[in-house]
Each structure stands twice: as structure tokens, then as C-alpha cells.
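Keeping the supplied structure of chain G fixed, place chain D upon it in accordance with the hints.
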Amino acid sequence: MSEDKSWLPDVRSAPHRRARWLSAVAFLAVVVGPIGLQGQSTEEAVVAVVDAYHAALATGDSATALSLLADDVAILESGGAEDKAHYRSGHLSGDMRFAAAVPRERSAVRVTVMGDVAWAWSTNTAEGRIGEREINSRGAELMVLSRVGGRWLIRAIHWSSRSNS
Amino acid sequence: MRIRLLASIALAALAAGCGGPPSDVVEQTASGAVHDPALLESILEDVRMGWEQGDGAPFYRHFLDWESARYFEGGGENLGLEDLVVNHVEPEAELGLTLGFSNIQSHFEGDFAWALVDTEIQLTTADGRDIHNRGHGTYLFRWMDGSWKVVHTQSASSPVR
Chain G
1 MSEDKSWLPD VRSAPHRRAR WLSAVAFLAV VVGPIGLQGQ STEEAVVAVV DAYHAALATG
61 DSATALSLLA DDVAILESGG AEDKAHYRSG HLSGDMRFAA AVPRERSAVR VTVMGDVAWA
121 WSTNTAEGRI GEREINSRGA ELMVLSRVGG RWLIRAIHWS SRSNS
Chain D
1 MRIRLLASIA LAALAAGCGG PPSDVVEQTA SGAVHDPALL ESILEDVRMG WEQGDGAPFY
61 RHFLDWESAR YFEGGGENLG LEDLVVNHVE PEAELGLTLG FSNIQSHFEG DFAWALVDTE
121 IQLTTADGRD IHNRGHGTYL FRWMDGSWKV VHTQSASSPV R
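Protein chains in written order, with my numbering: chain G, 1 to 165; chain D, 1 to 161.
Chain G with its partners taken away, still in its complex shape (with noise of 0.2 Å):
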């Protein structure tokens, strides 16, 4: 197994944002992606992709979700599977009500960047009720991004879950 461990120093935290005013700060992080907010990592700029992501399916924002992923994402859920215009018919909005309705613990986002491509992870626990279902799970998220024109988009999200009772 190869000793070269170079790579490892690119792994970064961050802490995950619930308020909403850091949300905005994340999308405006992502919106002037291409100048970049002062003193912002690259990691940092990756995950503030991410928590605007979610911070846009939590407010019902389905354009600002829509907008950071890019045309050719596969969306990966359980045992299904979505492209983006699926997604966007699809389960978005049964996303954007769970997001609302079921709050939800993430762990800090792991980030490793690879020149402009970058894999962020992370864990969480989701409890509460959505209609007459109540939520406990515990699950995972992973995304692939790359930089395209200076701005981050997603690629590739894969979300797992499972049940804590």
C-alpha cells in the first residue's frame, strides 16, 4: 500500500451552520464563487456549497437548490436514482418538505480537494414527524463537485439512511 499520504493534509472541517443568516453568507459565498470571499479556503468554499444547498431545500428555495447542481448530476437515494431533470419533478419537493419539517443534525462536513474536483461527507441524525410518519434515523451524505468557470457545482450526491428504532 502506497506511503504517499500527501493528499491527507486537504482534508478539512467545518463546523455545520443551521442559522439561517450563515446560509445566506454560504450563498453568498457561492454566488460571487468565481471572485471568492476574501480569506475563504477552497474547502471552505465547498462546503459553503453544500450548506447552501441545504440551507435552499430547508427554505424551500427550489431555484437556488436547482442552480448548484450541475446539468449532469445523479442523484442517489436509497435504491433510487435521479438525473436533474428527474430530480427536479421528482423529489425535490418531497426534499425540500422533509428539510422543513425534520430537523436535523450534521456532523462537520469533511472536504478533500483534488485540483478543481472535491468530495465533501458528512453524517447526521434526523428526528422529528412528517405527516402522520415519525422520524429517527441516522444517515450519511456524500457529494462529488467540481469548479467549473470558478464555481463549485455539484456533481454526484449520494444519501443513505437508516432507521434508529
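Incorrect hints may appear among the rest.
Stated by the list, open to error - Some chain D residues close to chain G (C-beta under 8 Å, calculated; not the full set):
1. A69
2. F72
3. G76
4. G80
5. E82
6. G96
7. L97
8. T98
9. E120
10. H132
11. N133
12. H136
13. T138
14. S158
Keep in mind that the hints were calculated from the coordinates and are not lab data. Ideal placement from N, C-alpha and C gives every residue a C-beta, glycine not left out.
Relative to the frame of chain G, chain D by itself:
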């Protein structure tokens, strides 16, 4: 007439040979990373067999064994390569696991690659429940020392209805 027919066939074969799709061309980056989906597919086949046979060797060969490695499945996780092999691969094979990989979609960006794969899983749990699930896996790769190494995996599935 026969000569004309043979000439047509020869021309058609020549045209087909010259007009191959761009995906036939394997790219190689300055660092040497080979953007060949067949390489990832070969690794995934080794890994698939490793799962079925409870054999850790393909995992130790193709996975980068690094301190912060995480492998997620259905919301659960294994921390590090040994945990994956000892506490997941080996016990699951004892349940008669059969695992299918299909529709592998490979993406390359420099020294990084990711593959999305459709999965089908069948096994019988220790308490006798038959499990038959379909889902997807995401495998992340990094080009290191002349080969692609798996650095992260995520998979999820749901029961076949």
C-alpha cells in the same frame, strides 16, 4: 454484382472502423492518470467478488488504507479498511451474499474519478430473513502510484417489491 457487394461490405467495415466514438480514446493526464473506464470496472469486479467470497484481498489491493477512511452503507459506516473487511465483508459473505454490479458510469477529473453503479443484493440473515435489495453504489478513486485506489464508498439500497 458479387464484386460490387463485396466492395460495399468492405467500405462499410472501413467506415465503421474509422468512425469509432470518442469514448474509445483513452485519455492520460500529465501525472499519468489513465482515464479508462475499463480500469475502474476491473477494480469493481474484484471488489464485487471480494464481497461475495468474504475475501479481503481485493480490498487491501484496491482500497487506499488511510487513517480517515470511511465507507458508508445504508447510513452505517465502517471506519478504516480493516473494519470494513473484518466487520462487514467477511460476516456478510457468511450469509450467502450474492452481489450484482451493473450499469457502471465512470467519471474522470484529473487524478480523481468516481463510478456510480447499480447494485443488487441477496442474502439470508442469521435469523432466517431473505433479503433482496436493489440500489446504487458510489465509489471514489484517486490515481496513486500508477493505479486507481478507492478512497471512499457510499451505498444504499431498498427492498425489491
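Now for the hints, and whether the structure bears them out:
no., hint, in the structure
1, A69, "10 Å, violated"
2, F72, "4 Å, holds"
3, G76, "6 Å, holds"
4, G80, "12 Å, violated"
5, E82, "12 Å, violated"
6, G96, "21 Å, violated"
7, L97, "17 Å, violated"
8, T98, "17 Å, violated"
9, E120, "10 Å, violated"
10, H132, "11 Å, violated"
11, N133, "7 Å, holds"
12, H136, "4 Å, holds"
13, T138, "4 Å, holds"
14, S158, "3 Å, holds"
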